[in-house]
Amino acid sequence: MSPNLVIALTAALAACACALVGVFLVLRRMALMADAISHAILPGLVAGYWLARGPNVVAGFFGASAAGLLTVWLTESLTRSRRVKEDTAIGLVFPALFALGVLLVSRFFSNVHLDTDAVLFGEIAFAPLETWRLGGRDVGPTALWSLGALTTLNAAFLTLFYKELKLSTFDPGLAAALGFAPAVIHYALMGMVAVTTVGGFTAVGAILVIALIIVPPVTASLLTERLPTLIALSVAVGVAGSLIGFQLASAWDVSIGGMIVSTLGVVFGVALLLAPRKGLVAQSLRHARLRRQFAREALVVHLATHEGTALEDSECRPAHLQEELLWTADMASRTVAEAQAAGLVQPVDREGHLHLTDRGREVAEDVAKR
Amino acid sequence: MNVLRDLFLDYTLRNIALGAAVLGLVSGVLGSFAVLRRQGLMGDALSHAALPGICLAYLLTGSKAPLVLMLGAAAAGWLGMVLILRIVRHTRIDPNSALGIVLTVFFGFGVVLLTVLQKRNDAGQAGLDKFLFGQAAAMTQEQVATMAVLGGAALLVVALLYKEFKLLAFDPEFARSLALPTRSLDLLLTSLLVVAVVIGLNTVGVVLMSAMLVAPGAAARQWTDSLSKMLALAGAFGAASGIAGAVLSVTAERIPTGPVIILCVTLIVIVSLLFGSARGLVWEWLRQARHRREMRAAMAAEGGTTP
Numbered sequence: 000m001s002p003n004l005v006i007a008l009t010a011a012l013a014a015c016a017c018a019l020v021g022v023f024l025v026l027r028r029m030a031l032m033a034d035a036i037s038h039a040i041l042p043g044l045v046a047g048y049w050l051a052r053g054p055n056v057v058a059g060f061f062g063a064s065a066a067g068l069l070t071v072w073l074t075e076s077l078t079r080s081r082r083v084k085e086d087t088a089i090g091l092v093f094p095a096l097f098a099l100g101v102l103l104v105s106r107f108f109s110n111v112h113l114d115t116d117a118v119l120f121g122e123i124a125f126a127p128l129e130t131w132r133l134g135g136r137d138v139g140p141t142a143l144w145s146l147g148a149l150t151t152l153n154a155a156f157l158t159l160f161y162k163e164l165k166l167s168t169f170d171p172g173l174a175a176a177l178g179f180a181p182a183v184i185h186y187a188l189m190g191m192v193a194v195t196t197v198g199g200f201t202a203v204g205a206i207l208v209i210a211l212i213i214v215p216p217v218t219a220s221l222l223t224e225r226l227p228t229l230i231a232l233s234v235a236v237g238v239a240g241s242l243i244g245f246q247l248a249s250a251w252d253v254s255i256g257g258m259i260v261s262t263l264g265v266v267f268g269v270a271l272l273l274a275p276r277k278g279l280v281a282q283s284l285r286h287a288r289l290r291r292q293f294a295r296e297a298l299v300v301h302l303a304t305h306e307g308t309a310l311e312d313s314e315c316r317p318a319h320l321q322e323e324l325l326w327t328a329d330m331a332s333r334t335v336a337e338a339q340a341a342g343l344v345q346p347v348d349r350e351g352h353l354h355l356t357d358r359g360r361e362v363a364e365d366v367a368k369r
Numbered sequence: 000m001n002v003l004r005d006l007f008l009d010y011t012l013r014n015i016a017l018g019a020a021v022l023g024l025v026s027g028v029l030g031s032f033a034v035l036r037r038q039g040l041m042g043d044a045l046s047h048a049a050l051p052g053i054c055l056a057y058l059l060t061g062s063k064a065p066l067v068l069m070l071g072a073a074a075a076g077w078l079g080m081v082l083i084l085r086i087v088r089h090t091r092i093d094p095n096s097a098l099g100i101v102l103t104v105f106f107g108f109g110v111v112l113l114t115v116l117q118k119r120n121d122a123g124q125a126g127l128d129k130f131l132f133g134q135a136a137a138m139t140q141e142q143v144a145t146m147a148v149l150g151g152a153a154l155l156v157v158a159l160l161y162k163e164f165k166l167l168a169f170d171p172e173f174a175r176s177l178a179l180p181t182r183s184l185d186l187l188l189t190s191l192l193v194v195a196v197v198i199g200l201n202t203v204g205v206v207l208m209s210a211m212l213v214a215p216g217a218a219a220r221q222w223t224d225s226l227s228k229m230l231a232l233a234g235a236f237g238a239a240s241g242i243a244g245a246v247l248s249v250t251a252e253r254i255p256t257g258p259v260i261i262l263c264v265t266l267i268v269i270v271s272l273l274f275g276s277a278r279g280l281v282w283e284w285l286r287q288a289r290h291r292r293e294m295r296a297a298m299a300a301e302g303g304t305t306p
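Line by line, the protein sequences are chains H and S.
Taking numbering that gives the first Met the number 0, the leading residue of the first sequence gets 0, the next gets one more, and so forth.
Taking numbering that gives the first Met the number 0, the leading residue of the second sequence gets 0, the next gets one more, and so forth.
It is worth saying that the hints were derived from the structure and are not from the lab.
Since we're looking at a predicted model, the values are computed, not measured.
Hints should not be assumed to be uniformly reliable.
Cut-off 20 Å, straight-line C-alpha distance, at most; resulting in silico cross-link-like pairs (SDA-like, lysine to any residue) [what the hints assert, rightly or not]:
no., chain 1, residue 1, chain 2, residue 2
1, S, K165, S, A152
2, S, K118, H, Q246
3, H, K84, S, I269
4, H, K84, S, L226
Rough simulated footprint, nothing fancy, chain S against chain H, three-plus residues with beta-carbon under 8 Å [to be verified]:
no., region
5, 26-33
6, 202-209
7, 252-266
8, 277-284
Don't be surprised by glycine CBs; every beta carbon is placed ideally from N, CA and C.
Using the sequences and the hints given, assemble the complete structure.
As structure tokens, this is what we get:
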């Protein structure tokens, strides 16, 4: 396999593995738990290396995963003690563990190659270089194997516990009442996040893992409300962002991980602006439409109130609308024009006195009934 | 006692201790508001978001002066903050996700810029990433002075707008009903967090900054229900752990300052959680044990069967 193909495959697999757990993490509003875990695993990694007397991948993996779960447990316990709120609990726990890890590294492992910077940056560009040897035979890059296993694991977890995950995410109370043990599901999910983070950061770097966990699901959530579509879209966004980012990084010769994250950021930005219903543009168009509709209704109700009264003559002029409804001249003339076009009102004389049409009267009655 | 003498006489140690104390004081006070307003993770996002600002500041000016880099960091951090507030206000994306997106995307873009700088192959960029990981040991008098001025300005703003910020933290609805400009106040108070983050990056680094903001306030909260006392305590806790971390890190070799500061402040948090006079857990456990004993005694006196 060519190095470029290995990197592209690694990135795509990482995107799949991360998006699968990321969807539920984001739905549970715990996105930053991924960031917290990715930092807090450092002391676990060190402990694993210490127990194995060297940078042993397996020992490091288990140590780091244990530290990830410890983070979750500490955060939960702190929150449950009701002495601090959840965000504060997270903000207390992971830096403390990370600080402990950095201290251990610099005190006892300064001669071993375990760079604290690497915990944050990682380097996907090295993915093709480290190959896995099985029985003396080279069976391909380690990153592909580990991320392939992670993706399979996460997909299996999701398939097996789909119903439980769905229910405990959207209605934890009902899940508990039905005996689904939301706490168990919660820890299982957090365990998967920890394992994904640990497995991912050695292959592609922590910042890319966190981005792949958070950004695609949030982007997808702007585009759909259905869970299966959400999962599929998250995977698609993650994979597409990874491949495009990788191409751009190769073209401009910059950090691959950084470029993938930046690309995901651009994709999110586009979705944020242009998403069909939840996008900012669609939203402001909807707001503007509602505002104009409300203005038209205010106009017909105002006219209906004074219709046939002694004050009709003074009340039903466009100029008066500016005083009564506090509209600008521009707003008043625009609303009158629109109401006229919609066949709700008609001018009756040269001074612009307005009368309701039959349809306008109907609308006014409807509004009054609301 | 040598360490104590060095604290006043040794140039390096004095700078580290002073810088860490300034950081602890400022982030303790400003972070208390973040703790109360459920923005505990804002510091984490803002400190990561600062990276592209630092790179761009260097790219544009070619200078590594602390003030230049700090301004760059502040600009990027502030932009990130505005984006977070906007996303939360205008969409149904939850705050946690908004923080996560800004954190990763800004930081990822910063990593790209770092590689661009590295490619230019000038020696000047070396160590730019160190700005993010904290290098308290290399703190200069110039940096300490810059930190003190920025931090002092931020504390002054808090002092001037104390009443408004207090209302905003505890009852934003009421503040709005009084026709206070809550949105501007919210923006200003969160902007002050950016100042604290910028001051702290240099000392404790990106990752540990969030604890520096959150921990002193969380500890102080366990001792008092009054905001003014909480702010004072948080400032004191922050400054004390800064100085303690600086002193401890020079007592032995190969002990990085930033992590030690964080471990000191974490220790204060643990003690406060357990023994804090207002909400300490130990007092609650003792109270519960006493209630159980009394309950048992009462049931025994009634002659009923004890469960």
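Hint check results:
Simply put, S/K165 and S/A152 have alpha-carbon atoms about 18 Å apart, close enough for the 20 Å limit, and the pair holds. With a C-alpha separation of about 18 Å, the suggested pair S/K118 and H/Q246 falls inside the 20 Å cut-off, and the hint holds. At most 20 Å may separate the alpha-carbon atoms for a hinted pair to count; H/K84 and S/I269 meet this at roughly 15 Å. A hinted pair counts as satisfied when its Cα atoms are at most 20 Å apart, and H/K84 with S/L226 qualifies at roughly 17 Å.
With a cut-off of 8 Å between beta carbons, the region 26-33 of chain H has 5 residues touching chain S; three or more are needed, and the interface restraint holds. For the region 202-209 of chain H, the proposed coverage by chain S is satisfied: 3 residues have a C-beta within less than 8 Å of a C-beta in that chain, meeting the threshold of three. Only residues whose C-beta sits within less than 8 Å of a C-beta in chain S count toward coverage, and the region 252-266 of chain H has 11 of them, enough to reach three; the restraint holds. Coverage of a stretch by a chain is defined here by at least three residues with a beta carbon nearer than 8 Å to that chain's beta carbons; for the region 277-284 of chain H and chain S the count is 3, and the condition holds.
No hint from the list above goes unmet by this structure.
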